[in-house]
Amino acid sequence: MKKYIVLLTVLGLILGAGQAFGKVKNPDTFVLADIGSVDTLDPAKNYDTAGTQKIWTLYQTLIFFDGPYTDRFAPVLATEVPTVKNGGISADGRTYVFKIRKGVRFHNGQVLTAGDVAYSLKRAMICDPAGGPMWMLLEALTGHGSTREDGKIIPGIFQKIDKAVEVKGDKVILHLPKPYPPLMGILCYSASVIINKQWAVEQGCWDGDIRHAAKYNNPPEGKEPLQSVANGTGPYRLKLWKTGDRFVFERFEDYWGPKPKIKTAIVKIVPEWSTRKLMLQNGDADRVHVGNPYVEEVKAMKGVKVYETPSLAVTGALFCQKIDPTGNDNIGSGKLDGDGIPPDFFADINVRKAFLHAYDRNTFKTDVLNGLCTLPPTPLVEGLAFYNKNTPIYPFDLQKAARYMKKAWGGKVWKKGFKMVITYNTGREEREAAALMLKENIESLNPKFRIEVRNVEWKDYMVNIRAFKYPVFIIGWGADYPDPHNFMYPYMSSNGTYGKYMGYNNPEVDRLLKAGIENVEPAKRAAAYDKLQRIWYEDALGIVLFQPKELWAYRDYVHGFVANPMFSPAYEFFHLLWKE
Amino acid sequence: MLVFVLLGVSVLIFAILMTFSPERRAMTYVETPQQVKDIPQIIKQHGLDDPAHVQYFRWLKQISTGNWGWSFVAADTVWNAFWRYLPITLELNLFTTPLIIIIGIWLGTQAGIHKDTWLDHLTRIFAIIGWSLPTFLFALIMLMLFYGYFPLFPPGIIGDKVQMFILENPDKFHSYTGMYTIDGLLNGRLDITLDALRHLAMPVFTQVVVVVALLMRVMRSSMIEEISKEYVITARAKGADNKTIYFRHARKNALIPVVTVAGWLVAFSMEGSVSVEIIFNRRGIGWWLAQSAIALDIPVLMGMCLFFGLVYVVTNLVIDILYAAIDPRIRLT
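Same order as they appear, the protein sequences are chains Y and X.
So the first sequence is numbered by the working numbering: it starts at 191 and just counts up by one.
So the second sequence is numbered by the working numbering: it starts at 207 and just counts up by one.
Pulled out of the complex, with its shape left as it was, chain Y reads as follows (with noise of 0.2 Å):
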């Protein structure tokens, strides 16, 4: 009782506390309270979006995505957007060529050229550190996901880069050895931010010598050069990064662009929730995160603006097919016994189909994550180019799921029951809602139905997932760039990130995804990708549970806010911000 009377009285004083606001504090300088701490702010090492968000605003990229679009791109470093028409993309797909601006200057003083530019893309790709982002770039110009392979540096790879990016004149060029359409999308990346060469070699990064690449491949952890340090032409310089702590940003007063009308931007790390909300309300910040449960509570505040923005992220329940029952208690008995289920439970369409219709996704939307999300019906979401909403979905019916049911492995699955586990990372509650969902209306068909949820730390989870340890899994997706193939690849492929851990293996969706990728031509690679969508729906591959929308929570006197799908409320652009 005694904890009961405390706890509401902290509520109480969390709910209510001092709720008058003041005028502009600071109207020069703009707070973010973060959650996310950076670990680098190499752009060839970094991977993550609180890292991203730093190194966008220190460096910039050739070309990035036009105002809230995903599929159209404004010039940067560049004069303009390469297409077919302007002639900077060659009709075959497979030579961008990009006009390097004039005027530019780094941080250092020093003047961007074209030579910085091949440099840096080069530089990254050559660097390629393990578990980083450079796949998207290699992938893209060299047809290899790496660097390496088996732990060895593939032979040839460092000329096939060299040989990738071209200089002519005031001009560099991209030769690819087949088409990409996702190349625009990779080139808005953090990772392809363009470094001064002259100071980036005194750093100790790469000498400009091919020969000499290997020597800079893959640094151990830690010893990236520009780990700790910047020198880009984005609208601020780095002024302090306290790690874990803060970083302090100050305006370029050189910079090529219009002023930034922030002069100084400080983002701190404040990990709990009630002193970033309060430092929101004492106007000590500008903008806080906030997580999922405090979506209402935000809401509720006078003085701040909210801003609901959808993301390109999907988050999916997905069906194993070939579950390791090697010491694997999360399948019982192992057996269709009524005591578990055997490896291959998922194997049978009927068992998939029975608990795609057993989710009930229109109440998962309206009371769990309150409207805060769409409802997308394969994981190819709503803001990417060939998504196709006419996609069909298995409606909430326990009927139908009962049906298929007693189809299933021949009518057992009905007469025995069976017993498993349905598997989320801890911390994740809408997760575990949904997965609660699950469980009640699979176990309300039968009493013999029995599921458990359990909750998995993250990383363990990940080992776990790698391992077909898990029948039924919850887990999410964010873009690394915003194409089709980004999604379906992991999910569908034989060879995905959670495609390969379903034990999901189907030539033809591997020869779409091929199809989907080398095409240039969009009417091929819509077809591609419509059928793809299709049979994510006849195989009942697994639940699409929510794609989120993002919620990002300013003072009110903060003005200048573009929302962009690929944008996660750990990126600030600071250049585009004032307060009045």
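I should point out that these hints are in silico values taken from the structure, not numbers from a laboratory.
Careful, some of the hints might be misleading.
[Claimed, not checked] Using 35 Å as the maximum straight-line C-alpha spacing, the simulated DSBU-like pairs for lysine-lysine come out as follows:
1) K453/Y / K215/Y
2) K250/X / K690/Y
3) K458/X / K429/Y
4) K555/Y / K378/X
5) K449/Y / K292/Y
6) K321/X / K704/Y
7) K378/X / K769/Y
8) K378/X / K432/Y
Place chain X on chain Y using the hints.
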């Protein structure tokens, strides 16, 4: 002795960490599902599938050359990160430890002397509240009251304006200790010291209220036990006054168990208070250690275990010396 203790600790911790599979340890370098495909490469790069003894001796060799490894949580070498986070925790301890010891001994003595009076009951209530209230909850209440309702004591270490002044005037402020309260004084900048104190007030108050209860209760029990001993009755019979009996004789003897507890509290405080550091947004050893444990940042865990092993050995030594100083019957050999 110290070397054997530290070696023992390191073997034990390493053995525990080796119970995680190479895949699981490689996952510590992974943040997104996209990176998972590189796990075999990461295992190879870090030799995570080498035999356990090979990995241990590799670590030992590395440590012997002064290389404590890389902390991905801190995004820095373990050595650099340690010296960056330590002053934050030390600064908090510098203010809390004397307060805890002084208040704990004083209140405990008073409660013992005035057993079963209103003063004793009051300290008992205070102790129950302090000891039973979870630190995070008390810290949250303090934050709501003194930052939310009355914006007097903000979270963090220093204010943004002071931070900007330091950044823009590197010639006017030199960081000698990493503790702003002290560095402010050493640089002749009282405003910086005051600003740092303003940020320290709530963490210190929270820590003191939560921790002082234990010391107070130990002191009270010990004091009551001493007062009931025969030498006190004899002293009274001889006409000694209460002040002499309580403060010259009884309290001195009652301090022995208190020194033990206080010593351990000081040693324990070097680990930092995770709740206080997180809620008041102070990046100290506690925060670092908690994050590293969650993320399985092995170089940090190994390095910190050695550090705490050292702290506890030194603390025991100091406690033994203090015993001898307090009680002449105890001799150090």
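Do the hints match the structure? See the list:
no., hint, verdict
1, K453/Y / K215/Y, "13 Å, holds"
2, K250/X / K690/Y, "22 Å, holds"
3, K458/X / K429/Y, "54 Å, violated"
4, K555/Y / K378/X, "56 Å, violated"
5, K449/Y / K292/Y, "17 Å, holds"
6, K321/X / K704/Y, "83 Å, violated"
7, K378/X / K769/Y, "31 Å, holds"
8, K378/X / K432/Y, "20 Å, holds"
Consistency note: the structure conflicts with the earlier hints numbered 3, 4, 6.
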